[in-house]
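So for the sequence shown, my numbering puts the first residue at 12; every next one is plus one.
Warning: the hint list may mix true and false statements.
What the hints assert, rightly or not - Restraint ranges, calculated between C-beta atoms of paired labels, are given here:
#	residue 1	residue 2	range
1	A68	A115	15 to 25 Å
2	H134	N70	18 to 28 Å
3	A115	T34	19 to 29 Å
4	A35	D135	19 to 29 Å
5	H60	H106	37 to 47 Å
6	W138	A69	27 to 37 Å
7	P74	P131	42 to 52 Å
8	S79	D135	20 to 30 Å
9	P107	H51	37 to 47 Å
10	P105	I73	39 to 49 Å
11	L82	A121	19 to 29 Å
12	H106	I73	36 to 46 Å
13	N70	T111	17 to 27 Å
In case anyone wonders, no lab produced these hints; they're calculated from the structure. C-beta: ideal position from N, C-alpha, C; glycine also.
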Amino acid sequence: MPLDIRPVPELTRTHLRARRPPTAASLSWASTITTRWYDHHQHLHERWHTRLNRLTAANPRIPPGPASPTLTCRNLITYPETLTLAATLDRLPPHPLTRTEQSAFLHDLASRLHLPRLAPADHDLLWQRLHTR
12 MPLDIRPVPE LTRTHLRARR PPTAASLSWA STITTRWYDH HQHLHERWHT
62 RLNRLTAANP RIPPGPASPT LTCRNLITYP ETLTLAATLD RLPPHPLTRT
112 EQSAFLHDLA SRLHLPRLAP ADHDLLWQRL HTR
């Protein structure tokens, strides 16, 4: 039985405004970044728990083990953020961002992800991505 994956209402409008599909490279970066965020901060984000509950309720045949639904479904749970992040990463210029540009980028990204602010640590993969452009 296929998983019941319905659009997440709180982020659908953001994705509909995307002008072009994200590139494979940005999707790869975004998937890695959002998976890491999810793994390290899932207890901070109520919306991810809500999505997991909706996924498991809509798909009662998801096996409970050996891997938990939290792990087996995490790509689906983080998918809206992954798309938003990938589309935003594709807008980065081909050169490193100045400190002012980094602040503006993070402010815009936080807004798109419906977060009050976004301040990744120096070792965060998002910082690596910003500095490798």
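Tested hints:
1. A68 - A115: 15 to 25 Å: 39 Å Cβ-Cβ, so the 15 to 25 Å window is violated.
2. H134 - N70: 18 to 28 Å: violated, 35 Å
3. A115 - T34: 19 to 29 Å: holds, 22 Å
4. A35 - D135: 19 to 29 Å: holds, 22 Å
5. H60 - H106: 37 to 47 Å: holds, 39 Å
6. W138 - A69: 27 to 37 Å: holds, 36 Å
7. P74 - P131: 42 to 52 Å: Violated - the Cβ-Cβ distance for P74 and P131, about 34 Å, lies outside 42 to 52 Å.
8. S79 - D135: 20 to 30 Å: For D135 against S79, whose Cβ atoms are near 25 Å apart, the range 20 to 30 Å holds.
9. P107 - H51: 37 to 47 Å: violated, 25 Å
10. P105 - I73: 39 to 49 Å: holds, 42 Å
11. L82 - A121: 19 to 29 Å: The hint (19 to 29 Å, Cβ to Cβ) holds, given that L82 and A121 are roughly 26 Å apart.
12. H106 - I73: 36 to 46 Å: holds, 44 Å
13. N70 - T111: 17 to 27 Å: Violated, at about 45 Å.
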